[in-house]
Amino acid sequence: MTVEQNVLQQHSQKHQQTLLNQLREVTGTTDVQLLQEALQASNGDLAEAVAFLTEKNAKVPQQDEADYYQTAQITNDRYISVGSQADTNVIDLTGEDKDDLQRAIALSLEESNRAFRETGITDEEQAISRVLEASIAENKASLKRTHTEVWSDSPNPYDRKRQDNCPVGLKNVGNTCWFSAVIQSLFNLLEFQRLVLHYSPPARMQDLPRNQKEHRNLPFMQELRRLFSLLVGSKRKYVDPSRAVEILKDAFKSSESQQQDVSEFTHKLLDWLEDAFQIKAEEDREGEKPKNPMVELFYGRFLAVGVLEGKKFENTEMFGQYPLQVNGFKDLHECLEAAMIEGEIESLHSAENSAKSGQEHWFTELPPVLTFELSRFEFNQALGRPEKIHNKLEFPSMLYMDRYMDRNRDITRIKREEIRRLKEHLTVLQQRLERYLSYGSGPKRFPLADVLQYAMEFASSKPVCTSPVEDIDTTAPPGGMTAQLPPPASAGDQPDASVSPEGSSSGLQAQQQQRVSIHKPFTQSRVPPDLPMHPAPRNITDEELRVLEGCLHRWRSEVENDTRDLQASISRIHRTIDLMYSDKSMMQVPYRLHAVLVHEGQANAGHYWAYIYDPHHRQWMKYNDISVTKSSWEELVRDSFGGYRNASAYCLMYIDDKKPFLIEEEFDKETGQMLSGLDKLPPDLKEYVEGDNKLFEREMEEWDALQARKLQQEKLALAAAAASVAAQPMSTEPCPPDNTAPQHDPEYMEQQSPTGDSKHLQEDTQRAISKAAAELDEKSPEALLNTAMKVEYTRLLRFAQEDTPPERDYRLQHVIVYFIHNQAHKKILERTLLMQFADRNLGFDERCKSIMKVARAKLELIKPDEVNMEEYEMWHQDYRNFRETTVFLLIGLELFLKKSYVEALMYLIYAYQYNKELLMKGPYRGHDEDLIAHYRRECLLKLNEHAAALFETGEETDVNAGLSIMNELVVACIPLLLVDEMEEKDMVAVEDMRNRWCSYLGQEMEPNLQEKLTDFLPKLLDCSTEIKSFHEPPKLPAYSTLELCERYGRVMTSLTLSRTPADGR
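Numbering of the sequence shown is given in the numbering used here, commencing with residue 27 and proceeding in unit increments.
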């Protein structure tokens, strides 16, 4: 067969597979044989095929499984649906609207066929095109969004610099987390990485493209090489894959957009890569059968052994990603066992031919990279939309495939038969145990041993001779009245104690009124003290009790023994089943888990990331877009098994543990040293990466130059201000407010008028001077200054050493307290105190003026080498930042307490960020981080609840307002909570917010609400920790020190009275 004939045959087979996929999607049928039968009966006409399935389902609701199976034709299609578990695999179209639905389906199929005839592009390819276009459009449209929606890189390139040899991340360029998860999993297969990096395009590239496939695949292969080379040797923390995505997008033309199916993308990606390698292989081995490395790496073969209407057949087929059903199974082996057996297979093992049909699959050749596709989505025909299966499914880190190999067919069948027999026995034992543990014939059942114990307790209770209803008046009126019928009259009773039916009722009424007037709610309903606490037999003799107790004791002991025996037998059978394949002969085909691709969300919206094992560091790594972090098997289990959150694995990638070349590093042939970094790259890619690294280094150099210029400008401004102050003559007259005060004099130290901040500082200073004057005999200005500074420092030191509640933070009252807390240098403290006493607005009496002049003279005498002015300015800048952070926190908490959550959020966000920067320098540089984190978290939760309540109204205005709150505030802030994955409370809060919105997916709602929800959920579920840029920080009002301390004290007192523990949700 010529190459052209082979290509035409493959195209025809792929077209047939496309028709099968379309028919499966339209009808919901998952059985491949039935779909093929429908296509054959309709000669490839999809509309007739749908009608065929519809009529067949209407005539025979429960069709015999024997009709579903037929001998499969040998095919080269590599993606074969196997292991169908569905019995109800044809949708019901027999309702009243059947004709309308068929017409709609026929119209849809006609449009699909017309598009294929006109463009030659399948629906599968168009689906990939749509999501790629959506991704690129999302990336480009981000430039037009508001600041709160823009995904932007940090302006500081050092924030984007790769740390040591940490793996490189991939930037999410708009709903492309699926691309990142798949590419990173493949890149970390070192053999695949080498294949891509060392791929050389065909020599006849200048004559290409000869067809659309080569026009698409070869440029993509070139771009993938560049992307892989950046992942190897880039100095960036993460790289941008937009160019690779652009090429995929340009391969198809479509105006629609939808969420990408990752499994479908992986199928097509491997298909494109295979085609690219096939072109090269055909060129390298002309005249020989070319070997495609992609086929050898990812594709295997299985043998389908079956019986159709009593006739046996065998057929070998290829497979790539092996699909497995999840629903109804607890672990991966159960999924595989079910996928390997279809239908009734007893006839395969018996000598007699049976009319039953079925088939088994046996692997004849496993690929080095074995990929399982977990089907976690199913179509809900009642709701008309797909739904995700969140059931828990366990899988091992080491998987032994021996039991599924064709060479072990006979042994496996024997073991399967033994397991089947054990499970039947297990079922009988479990049923018997259930009768012991749930005894009785009514709706309520109890353990039999407990029933016998209760009977023994009843029998041994103290016998009573009275009826349980004696002395209780069942006709007593409500409301606490305790009128009772009189007891039988005796000879000694008073005449009026007995009332005859014929007598007057006035006496009885008076008696009732008298009794009702005395209300004893806590004693009137009390059980009489002579009644037993539990029911007891009326009469029982000692002999009867002795016999009954003996029987009950013996029966209870027998029941307990039987229960223990049953439980032990069940445990033994479970252990036997678990160890059935544990002998060495069935542990010769080990596959180690290499990567787990995880999806979080629902069927039509979600986020993807990957866990990949690093064998050289024996460490699981989490690849989440730009974030690459160390992980653990425990975290993988939590996120991948399912059943815990909305996250679960959808793809498992195992590698042959006996083929270490898959993950082995490359070594230099001459030196024998392991190649790393740029040394792993061929010359053209090495040059490409070096060029990109130079661009990044230039970006860092430009940043350094910019920061140096800013610093130099600040120094020049400070020097100019200091020179202008030094040039002014010293005056003995009172100085008016001076607008040219030195810039290095902090604003909280400036005392330009006797009001505001200066007033309390002036009073403190004058108080220190007065106290110094009282202590000293020598009244010289210099002596007074020295003593006053000691007095003031002692006072502030006492404040710093006090253990005060949060509402009385002395750091806000004076900068020296802040400096003492954070162990500032002694020279910094001295200069700061001198600045306090050198203020020209200190006072107008001669003593203060003289002290002020001495202090200013001392400042001028301080040499540059005595006090590091840069360090001095740094300390005062930190204190300015501390006060600014305090104001952000103060206003945010005030607004939070007023329930103005929208306004409060930005203040709390900036308070947390600025406070975190302060705390990085020391534990006393900022405020309580847990407190700010709590109210930031609570504010987001309140906004989330408010937005959800608006969405639930269904009103257009309210819905838009709620989604606006989510998009502009909540979604924009979620990365701030996710950036530190150790903050469990923040992670729980994010999960609560996501679950709140995901809960709507299963509810009935208007189509426009469903559309809005579908558009919104991918943004909410995006787990990327890339920080979005916000609006500029809110402008802060100017507070005097006194006002700031008072307001801060009030709000902290309010929190102390009302605050709940900061434990999230």
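It is possible that some hints are incorrect.
The calculated lysine-lysine pairs, modelled on PhoX-like cross-linking and capped at a C-alpha distance of 20 angstroms, are [stated by the list, open to error]:
1. Lys925 with Lys968
2. Lys879 with Lys889
3. Lys875 with Lys853
4. Lys875 with Lys924
5. Lys470 with Lys418
6. Lys306 with Lys317
7. Lys875 with Lys797
8. Lys187 with Lys306
9. Lys968 with Lys1045
10. Lys712 with Lys187
11. Lys805 with Lys852
12. Lys875 with Lys805
13. Lys720 with Lys816
14. Lys261 with Lys805
15. Lys261 with Lys356
16. Lys853 with Lys884
17. Lys294 with Lys306
18. Lys712 with Lys805
19. Lys441 with Lys418
20. Lys875 with Lys942
21. Lys875 with Lys816
22. Lys720 with Lys261
Source of the hints: derived by calculation from the structure; they are not laboratory data.
The hints, checked one at a time:
| no. | hint | in the structure |
| --- | --- | --- |
| 1 | Lys925 with Lys968 | holds, 9 angstroms |
| 2 | Lys879 with Lys889 | holds, 18 angstroms |
| 3 | Lys875 with Lys853 | violated, 24 angstroms |
| 4 | Lys875 with Lys924 | violated, 48 angstroms |
| 5 | Lys470 with Lys418 | violated, 30 angstroms |
| 6 | Lys306 with Lys317 | holds, 10 angstroms |
| 7 | Lys875 with Lys797 | holds, 17 angstroms |
| 8 | Lys187 with Lys306 | violated, 37 angstroms |
| 9 | Lys968 with Lys1045 | holds, 19 angstroms |
| 10 | Lys712 with Lys187 | holds, 19 angstroms |
| 11 | Lys805 with Lys852 | violated, 26 angstroms |
| 12 | Lys875 with Lys805 | holds, 14 angstroms |
| 13 | Lys720 with Lys816 | violated, 57 angstroms |
| 14 | Lys261 with Lys805 | violated, 67 angstroms |
| 15 | Lys261 with Lys356 | violated, 44 angstroms |
| 16 | Lys853 with Lys884 | holds, 13 angstroms |
| 17 | Lys294 with Lys306 | holds, 19 angstroms |
| 18 | Lys712 with Lys805 | violated, 78 angstroms |
| 19 | Lys441 with Lys418 | violated, 26 angstroms |
| 20 | Lys875 with Lys942 | violated, 43 angstroms |
| 21 | Lys875 with Lys816 | holds, 19 angstroms |
| 22 | Lys720 with Lys261 | holds, 9 angstroms |
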